[in-house]
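A.B. asks: Sequence:
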Amino acid sequence: MVILGIDTSCDDTGVGIVADGQVVANVVASQTALHAPYGGVMPEAASREHLAVIDQVLQQALDQAGLKLTAIDAVAATYGPGLVGALLVGLSYAKGLAWARGLPFIAVHHLEGHIASSQVAPPFL
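Mapping of the sequence shown onto this note's numbering: residues -4 to 120, in sequence order.
It is worth saying that the hints were derived from the structure and are not from the lab. Some hints here could point you the wrong way.
Unchecked claim - So the derived label-pair ranges between C-beta atoms look like this: (1) K90 with T65: 10 to 20 Å; (2) G75 with V115: 14 to 24 Å; (3) D68 with Q114: 15 to 25 Å; (4) G80 with D15: 29 to 39 Å; (5) A28 with L106: 38 to 48 Å.
The structure displayed is predicted, hence computed values, not measured ones. Glycine included, C-beta positions come from ideal geometry on N, C-alpha and C.
Please work from the sequences and hints to get the whole structure.
C.D. replies: As structure tokens, then:
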């Protein structure tokens, strides 16, 4: 089973792919430089940046994994907690992708995802 995961809960756009329990792609677009002048994350700017980069980050993850979108069996995304606007970008993108491809959608609680990550071997922590 190949699962595509999307996280846009704050200021980083993250896309990962897990194939049969192994992480085969992990791509993160950081927004640190964008928010640095403000001394913290600006929610509206974070949402807009997610929109600007999410297609590219997805393609980079597929390339890193050596897969095409047709190889994906399910789509997962963070549904909260997080910045509402930022979450809406990733959640809407993931749900739309799952719906368009006829795939199952898995909603992931951000904090439960952190807890479950203790079972993932480095370097993907």
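A.B. asks: Name the hints, by number, that the structure is in violation of.
C.D. replies: 5
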